[in-house]
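S.K.: Assemble the whole structure, with the sequences as input and the hints as a guide.
For the sequence shown, the working numbering begins at 27 and goes up steadily by one.
Hints are computed from structural coordinates only; laboratory data are not their basis.
It should be emphasised that the depicted structure is a prediction, and the values quoted were computed from it without experimental measurement.
The C-beta atom is built at its ideal place from N, Cα and C for all residues, glycine as well.
A hint or two may mislead.
Unchecked claim - Derived DEER-like restraints, expressed as beta-carbon distance ranges:
| id | residue 1 | residue 2 | range |
| --- | --- | --- | --- |
| 1 | 75 | 42 | 32 to 42 Å |
| 2 | 43 | 78 | 34 to 44 Å |
| 3 | 54 | 85 | 22 to 32 Å |
| 4 | 79 | 57 | 15 to 25 Å |
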Amino acid sequence: MENNNLRLQSFARRGQPISIEVDGEPIQAFEGETIATALLAAGRRVLRHTQEGTPRGVFCGMGVCFDCVVEVNGESSVRSCMTAVRPGMSIRTPQAFHGKERRS
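M.R.: Dropping the structure here:
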């Protein structure tokens, strides 16, 4: 299996590794990075699908488009590109709570 890990450990200083949960699956993240960064680095590029089936994920990366909203610890409409990870976070993507758990 191909390693799609985007982290550049030899070039970038990372915070301490922490564990978060995304759609019931444990994901490793690093202190100081956003939820969106952790999701992308873990290969989770699609957060939801449109009614037509088109995949959607992080788009602007600066909190304007709201394509990256997720549920965090029961709080809905959290912009993943603007929210830092915290140890033990429980995150649900829109595709999970709409019953379409597709991985892309």
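S.K.: If a hint holds in the structure, say so; if it does not, say that too.
M.R.: Outcome of the hint check:
no.: 1; hint: 75 with 42: 32 to 42 Å; verdict: 34 Å, holds
no.: 2; hint: 43 with 78: 34 to 44 Å; verdict: 38 Å, holds
no.: 3; hint: 54 with 85: 22 to 32 Å; verdict: 24 Å, holds
no.: 4; hint: 79 with 57: 15 to 25 Å; verdict: 36 Å, violated
Hint 4 from the earlier list is the only one contradicted by this structure; the remaining hints agree with it.
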